[in-house]
Every structure is written in C-alpha cells, then in structure tokens.
Amino acid sequence: MNKYFYPILPTMLLLTSCANYEKNPDDPYESFNRVSYKINDGIDKAILKPLAQGYVKVTPNIAQQGVSNLISNVNQVPIFLNDLAQFKFEKAAETASRFVFNSTFGLFGLLDLTKPFGLPKEHANDVGMTLAFYGWENSEFLVVPLLGPATVRDGIGRVGDAVLIPSSYYIKDAKLRNINWGVRLIEARSRLLNVDKIAGEASFDNYIFQRESYMQYRKNQLSKAGLIEEVDSPSLSDILNESGGDK
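Under this note's numbering, the sequence shown is numbered contiguously, ending at residue 296.
Please note that a few of the clues may not be correct.
Think about it this way: if two alpha-carbon atoms lie no more than 30 Å apart in a straight line, the pair counts; the simulated DSS-like pairs of lysine-lysine are [unchecked claim]:
{"#": "1", "residue 1": "K246", "residue 2": "K268"}
{"#": "2", "residue 1": "K87", "residue 2": "K98"}
{"#": "3", "residue 1": "K140", "residue 2": "K246"}
{"#": "4", "residue 1": "K164", "residue 2": "K268"}
{"#": "5", "residue 1": "K273", "residue 2": "K170"}
{"#": "6", "residue 1": "K106", "residue 2": "K246"}
{"#": "7", "residue 1": "K224", "residue 2": "K106"}
{"#": "8", "residue 1": "K94", "residue 2": "K106"}
{"#": "9", "residue 1": "K273", "residue 2": "K137"}
{"#": "10", "residue 1": "K246", "residue 2": "K94"}
{"#": "11", "residue 1": "K170", "residue 2": "K268"}
{"#": "12", "residue 1": "K98", "residue 2": "K137"}
{"#": "13", "residue 1": "K221", "residue 2": "K98"}
{"#": "14", "residue 1": "K94", "residue 2": "K268"}
{"#": "15", "residue 1": "K137", "residue 2": "K170"}
Simulated restraints on C-beta separations [unchecked claim]:
{"#": "16", "residue 1": "Y183", "residue 2": "I214", "range": "17 to 25 Å"}
{"#": "17", "residue 1": "D90", "residue 2": "A145", "range": "33 to 41 Å"}
{"#": "18", "residue 1": "G209", "residue 2": "V149", "range": "21 to 29 Å"}
{"#": "19", "residue 1": "D75", "residue 2": "V149", "range": "40 to 48 Å"}
{"#": "20", "residue 1": "S152", "residue 2": "E278", "range": "31 to 39 Å"}
It should be emphasised that the hints constitute simulated quantities derived from the structure, not laboratory data. We put the beta carbon where it would ideally sit given N, CA and C, even for glycine.
Can you make the complete structure from the sequences, with help from the hints?
See the structure below:
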C-alpha cells in the first residue's frame, strides 16, 4: 500500500491545506493553485531566480543569444511533429526548413540565419495546441507544482512536449541530460526577469496577475494558430486592475 500512497501524499497535503479557501467560480482549482503558486514562488526566489540572475550577469550577451538560438532550434522538432499532427503541412515544411538550415549552416543552431536569408519566421506549436486542435479548446487554469502556470490541457501537453524533445533520446548520460534540462530551465527563467520588474513596481495579487497574464498569452497563441476564435487582448492596466493593482 505504501508504494502507492507515498507518491500522492504531497498532492493530498496540498488539497487538504487549501480545502477551506473560498473558490472563484471562474477558477475552480484556485485553492490548489494558490498553494502550488506559493511553493513555486518559494523555489523560484530561493533557487531559480538567483541562478537566472547570475547567468545573465556572467554570460556575455552574444553567448546568451547563442544558447537561446540553440534551444529554439532543438524545439523545432516537436513544433514540426505537432504541425504534422494538425495537418499543417505548409507550416511543417517551414519548420523543417528552419531546422535543417540552422543546423547545417548555423553551427547546429547557435546562429539563427533564417532572417538574413529570408526563411519563414518561427511559430508556436505544442502538444497542448494539438489537443485543442482535436477539440479540447477550453481548459481551466492550473498551477503545476514545480512547472508553473498552465491549464489542465497544457499541463498534460507539457509531458508530451518533453517526450518529443530530441535531447530526451540522444543524450544517454543521465548527468548530461539533467544539465541540459537545467540550462533550458535557467535560460527560460532569465527571459522572465523583466516581468519581475513590472510585478515588483505595483501592489496587487501576484497569483491573479500570473493567471490572467498566462491565460491571455495562451489564448492569443491559440487564436493566432486558428484554433479558437480571435480574442481581444487586455492591456497591462486591465490585468493590474483585475489583480487589485489600483487598490
């Protein structure tokens, strides 16, 4: 029994600790989400944010850009596969051309040569968007422990995204594979440091700010991909007002 119980104990504790929280009908998992948010925020402040700040401080801009380009190039593989899964063959061809060109002439992707040579711009696609393509258009907000904001659909999709990334297969050594994921995580966190500055300049409910920002960002992605109807984008002030910024 213990081998089945202990893996779900953290989740049970989270649900128990937030059972008395008054729920927002538009955010059915808010009580769970707020506890997950606090856990993630604590880990971020203690570990991820300092690492990202250190990375930005000691790494030359040209090297940071190279790392970002390399990660972006590797990410073209799951984008390509999701393009195919959605029968977007023209987009799939564009993605493949970007990957092959940068891998061949851009030092395996360290250099992004697609813009100077007029190749198509990169576009977003992932397993969550593929699930939306097949009918799961609307999904509730969910803060995934250790992974951050998502929806139920996108949280499941992230598992698929991780499986589709080539480094999950061609890096056989476990230590190198963990280093690879660590670099990806720190690089992604470094791109959000400017958002921290915006959040730090106002007084509002950071959880609501994260929820509204993520949901609008995701809706814009889905709309741009033609997976849902076009949505109106609220201004930053609208989001701040929703999260109590004018109090």
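Verification of the supplied hints:
no. : hint                       : in the structure
1   : K246 with K268             : holds (24 Å)
2   : K87 with K98               : holds (15 Å)
3   : K140 with K246             : violated (35 Å)
4   : K164 with K268             : holds (27 Å)
5   : K273 with K170             : holds (14 Å)
6   : K106 with K246             : holds (16 Å)
7   : K224 with K106             : holds (25 Å)
8   : K94 with K106              : holds (17 Å)
9   : K273 with K137             : holds (14 Å)
10  : K246 with K94              : holds (14 Å)
11  : K170 with K268             : holds (20 Å)
12  : K98 with K137              : violated (37 Å)
13  : K221 with K98              : holds (29 Å)
14  : K94 with K268              : holds (28 Å)
15  : K137 with K170             : holds (15 Å)
16  : Y183 with I214: 17 to 25 Å : holds (21 Å)
17  : D90 with A145: 33 to 41 Å  : holds (39 Å)
18  : G209 with V149: 21 to 29 Å : holds (23 Å)
19  : D75 with V149: 40 to 48 Å  : holds (44 Å)
20  : S152 with E278: 31 to 39 Å : holds (36 Å)
Of the hints listed earlier, those the structure fails to meet are numbers 3 and 12, in rising order.
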